[in-house]
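Undergrad: Work the whole structure out from these sequences, hints included.
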Amino acid sequence: MKKRLVLFFALVLALVTGFTAMTATTANAATDTSLSKVQKKGTLVMGTSPDYPPYEFQATVHGKTKIVGMDVAVGEKIAKDMGVKLVVKSMSFDSLLVALQTGKVDMVISGMNPTPARRKNVDFTHTYYQGGYSIVINKSDKGIYKNKDSFVNKTIGAQTGSTMYNESKKQTSGTTVKGMTSVSDLILALQSHKIQGVAMEKPSAQAYVANNKELAAIPSDFNLSASDTSASVAFKKGSTALVAAANKSVDQIKKQNLVNKTYLPAAGKYLKTNTVNTSMFHYWKAFLTGIEYTLIITVCSVFFGFIIGVILALARMGQGGAIKTGFRWLATAYVEFIRGTPMMVQVMFVYFGLGLIVNLPALTSGIIAISLNSGAYVAEYIRGGINSVDDGQTEAARSLGMSSGKTMRFVVLPQALKNIWPSLGNEFITLIKDSSIVSIIGVSELIFQSNIVRSDTYRGVAPIAVIMVLYFILTFTASRILNYFERRMQHD
Amino acid sequence: MTKPIIEVKNLAKSFGKNEVLKDITEQVDPGQVIVVIGPSGGGKSTFLRCLNLLETPTSGEVDFDGENLTTLDTKRVNELREEMGMVFQGFNLFPNMTVLENIKLAPMKVKGIDDAAATKRAHELLKQVNLDDHADAFPSSLSGGQAQRVAIARALAMDPKVMLFDEPTSALDPEMVGEVLNVMQELANQGMTMVVVTHEMGFAKSVADRVWFMADGYIQENNTPEAFFGNPQTERAQDFLSKILM
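Just so you know, the protein sequences line up as chains P and B, in that order. Mapping the first sequence onto this note's numbering, position 310 (from 1) lands on 310, and the numbers just tick up by one. One gets this note's numbering by counting positions in the second sequence from 1 and adding 1000 to each.
Just so you know, these hints were derived from the structure itself, not from any lab. Check the hints yourself; a few may be wrong.
[Stated by the list, open to error] Not the full set, but computed from the structure, chain B residues with beta-carbon under 10 Å of chain P:
| no. | residue |
| --- | --- |
| 1 | K1017 |
| 2 | K1075 |
| 3 | N1092 |
| 4 | N1096 |
| 5 | I1113 |
| 6 | A1151 |
By construction, the Cβ of each residue, glycine as well, lies at the ideal position given by its N, Cα and C atoms.
TA: Below is the structure:
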């Protein structure tokens, strides 16, 4: 699954770089306007993957969840020096660079190492922090593992798309390397003995060990170049003015040793307050937000999906005439294409791909993608529903002088709707569950919120259990309501 | 000399290679009751459905009130269909609507009549077919005879000039045939122009002005009921009549 996920992202990235390459060449020819653009809009949008304490993580501050950590402090410093406001956007580590290239974010600070491969696609500032790698293990295994070479015939985990992942693969032999999107998942896998160690940056390892008595850290002894262990700020390729401005701030940070003196201790304090109360009830607000967004996405998508579905169904059933044939062909192609591609790819394509033309917020992108997807399925239900209505109904309506449009609207569709109500209900319930896919583009629906709670509390299972129950309550309530309306429609 | 309300000229209709109607030229005068009889598969229903263009003729023309339907655009055909009520063998009531709503739908949505006026008219029509006490029932709770009478009331609600009946009693239990035929007879007595495809010979004898005998895609005989039943001219008609119980 994770492998496929990486493949999707690689595909989207390839597509997107292809597009940007075409548009970017003309933009770069002129003098670089990246800095003045940011100053004009007054905000600097920072992309980060907040599951990597103490670099960046979610903390509850005065009852509100907030992204904090040393990287956020670095971002704030850069924004302040430029005279603009910092906006922090969270998303999965894999999608950060795509978001940067498609203009969803202005910069990426996420403990990212400026590797040569990444340098090909984005520009980096000077490094603001020089770390190293540790391997986190279960405390009970402390005697068994010494460093990276102790894991022969065992499994080491690392965050997908990270340098640790690639180096673990390269520098171990006889060791399986397992990639996962989030570090909290990796820790959970470690504690449930699916894997024996997790490779991560030293400060992160220290944070996890400090917050979880079951864990211990050992040195990794990876042979690393400076670029592999340092963290830099990434900007879109060619934005030299922005990089130059950011470098001034980064140089100051290094000179004054701000990371070690100020940022890391501050982040540590958040970590402490974070873990004081790890009961699920303490996070009810986070879950409530999740329910709210899950419902918004589902209800909007069902509504628009139904409209799209009706239009597609009618287009697919049109007979005669070159125009009608054209529409029929288009609608059929659309339905086949949507049903033949994964919803996850569609969501990413709308967010990142359409993002090149219009800058859509993640929530809107999610609703659009799911509506478009649902429309294709609903179209097939509606087509079946219309076909299930007896021809005699149409004939009776036409013989009364009703046009084909009125016949459809007042006679056929109401009956078709009744016939397909159970299928539509299923679709609604499926959407409640499938809306979870938009978590990958950072919409704060239930899955996304549960991931936040997991990285906040260092508790792997409890939040999953909570959202499982919440999802069930949502779907069960929905199916009861749908049944009520189904009964009300029964006349024969 | 009155002008005919329906004129059919050289009408032919094929489904693929199957020629159902071959060459039909007839006319219906205002106020006339035409009963079309003949063996099954002879094209009677297809003929009736060609009159309001539920089936598109392969060739020939159908004139209604002086306008050739086959040359008109869809909008005008829809308008002229309002003037030709049709009653089907299978009733085709809208199952998701009450009896009253069935009758009100077309007047409100097509003619734009307001709810109060449409309701008033619907109740009048239901009284005419003796079903006003079933106004709020759903079709599924009606007997076949009741359903067909509602279907007649629904067609009449558009104030048609002509009523087309496509085997209106064929799907009914025998004891319910009478109630439907009575309503049709009453309608005929009021002067409604009617074209009725049926197997009810009694109805043909007592109500029809003309009997059209149809077989093999042609109108074989067009005569008064007395002449047709008393002294059929063609061998085909003699053969048909000899086979049915009178």
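Undergrad: Minimum Cβ distance from B/A1151 to chain P below 10 Å?
TA: holds (8 Å)
Undergrad: Closer than 10 Å between Cβ atoms is the bar; does B/N1096 clear it against chain P? Give me holds or violated.
TA: Interface hint status for B/N1096: holds (5 Å vs cutoff 10 Å).
Undergrad: Min Cβ distance, B/N1092 to chain P: is it shorter than 10 Å?
TA: At 4 Å from the nearest chain P Cβ, B/N1092 passes the 10 Å test, so the hint holds.
Undergrad: Using 10 Å as the Cβ threshold, decide whether B/K1075 counts as touching chain P.
TA: holds (8 Å)
Undergrad: Under the criterion of a CB-CB separation shorter than 10 Å, is B/K1017 in contact with chain P as hinted?
TA: violated (21 Å)
Undergrad: For the restraint on B/I1113, tell me whether the closest CB of chain P is nearer than 10 Å.
TA: With a closest approach of 13 Å, the B/I1113 hint is violated.
In terms of the numbered hints stated before, the structure departs from hints 1 and 5, listed from lowest to highest.
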